[in-house]
Amino acid sequence: MSLKRDPAESAFTFKGGMLPMTVMELTSGDPERIRAQLAGKVSQAPAFFQHTPVVLSVEHIDEPHLALERICAVCRSHKLLPVAVRGGPDPVKQSAWALGLGWFPPQELRPRSVETNPVEKPAEASADAEPAMAASSAPIGGRIYRGTVRSGQQISAPDGDLIVIGAVNPGAEMLAGGSIHVYGPLRGRALAGIHGDRDAGIFCHDLHAELLSVAGTYKRMEDIDPRMMGSAVQVQLMEDQLKISALT
Amino acid sequence: MAKIIVVTSGKGGVGKTTSAAAIATGLALRGNKTVVIDFDVGLRNLDLIMGCERRVVYDLVNVIQGEAGLNQALIRDKRSENLHILPASQTRDKDALTLEGVETILGSLSEEFDYIICDSPAGIERGAQLALYFADEAIVVTNPEVSSVRDSDRILGLLSSKSRRAEQNREPIKEHLLVTRYNPNRVDDGDMLNLDDICEILAINLIGLIPESEAVLRSSNQGVPVIHDDKSDAGQAYADTVSRLMGEDVPLRFQHVPKRGLISRMFGGGGRR
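Protein chains in written order, with this note's numbering: chain A, 1 to 248; chain B, 249 to 521.
Treat the hints as calculated values from the structure; they're not laboratory data. Don't take each hint at face value.
EDC-like cross-link-like pairs, simulated, lysine to aspartate or glutamate; straight-line CA separation at most 20 Å [as the list claims (entries may be wrong)]:
| no. | chain 1 | residue 1 | chain 2 | residue 2 |
| --- | --- | --- | --- | --- |
| 1 | B | K251 | B | E351 |
| 2 | A | K15 | B | E415 |
| 3 | A | K15 | B | E373 |
The structure presented is a predicted model; accordingly, all values stated were derived computationally and were not measured.
Input sequences plus hints: build the corresponding full structure.
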């Protein structure tokens, strides 16, 4: 418990955390091709490339030996910080460890999106540990949260849809790998498709959102058509723009 | 076993200490053995509001650190023998509080008192978290303005996640909303949030509505909790709040601008006191 603070007794505490993380899903192991594509991305979204931690997913590459060191160097030169590798055969795992990176087993149950866009994450990941209600999450994928999500709370469903039965108050943040549904007023932030799923959407009964984002494309409250405020809406990504339409 | 009630808000200056003093006094006047604890170590104020600043010898930190016994530090209120005050230390900071120390003190007080009122410091850090950690009920003090409502919302999040009841998966803390400094004239003018909007966002049970009142500042400076001023609107509103806290059903007053009679309209006076 964080209130017990005796510096002589403990230098740190372990805490479970669920931070939104950008996964760089590689379809090629060629560092030069990665370099070329990254150069293009940097010019599109320079704000994203600020020592952003990324997980390199190599599960879709059929090469036993990857030039992992060179790939990492390319990433770092574009201000992406590889922190871990996901998937790949044993030699890849060994070289990840040798490079001081973590290794995650491949993720099989997640639907693949064609292109993974960098996730714009305008919010800080400094939310409190989730309240006890968090225990009601489904084992895989989606998650149902009942109750008011309050300022400073961050509720996430990294691998599926997030459904909130209640209000999302100003200063609260919803994160979902899939879509976000709010059966109540949405007054906080909602970020759907955080791993780049462009088909994800946001649905709510009463729109007052501070921020809406689907797969990294976002609208601030200021950008939202005031006529949509206070009504039931759906938010979808269409031609790289967020489209907010009445839910009828 | 005493009922432990924390008076908290997140934001500073909304009336936590005033409310803690008034509610503790009100509970004591109804015959409940009550102690009110100042958790605002380093910014000691409760003793001033309670008018006992000249009688402080030992404080909460002395007791926690074993330098004084609990009974040495408790100050008996001049006006009500059922009421005791445990002052904060002015010379230390909030790191001097320990969770175990607070638990021990609350444990001993529980055997002797019916109600323990914890006056929380502002903020959401350690001091505020310690004040709410052991609570059975919480009174969240909110002013009718957006920043106060947002901070109260934040505190409500902590109450449901960072308390002992939450950590032990027990029945959650019973949360009450106390709206203070409410001025119906300014609500009508659109300068202040109205009560319904506050209740809608915070979505907890309303326990009281305290109107903005000159009586509050006056009684603070005199060191007499405003609930003693039973002629004042704020004093009556706090008395209503205490009744509701004790489970009585009392109609809500002071929500609307009182209709002024012909004479007071003609002569322009008759402002509320």
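Hints versus structure:
At most 20 Å may separate the alpha-carbon atoms for a hinted pair to count; B/K251 and B/E351 meet this at roughly 14 Å. Proposed proximity of A/K15 and B/E415 is supported: the alpha carbons are some 14 Å apart, at most 20 Å. Pair hint A/K15 plus B/E373 holds up; C-alpha atoms about 18 Å apart against a cutoff of 20 Å.
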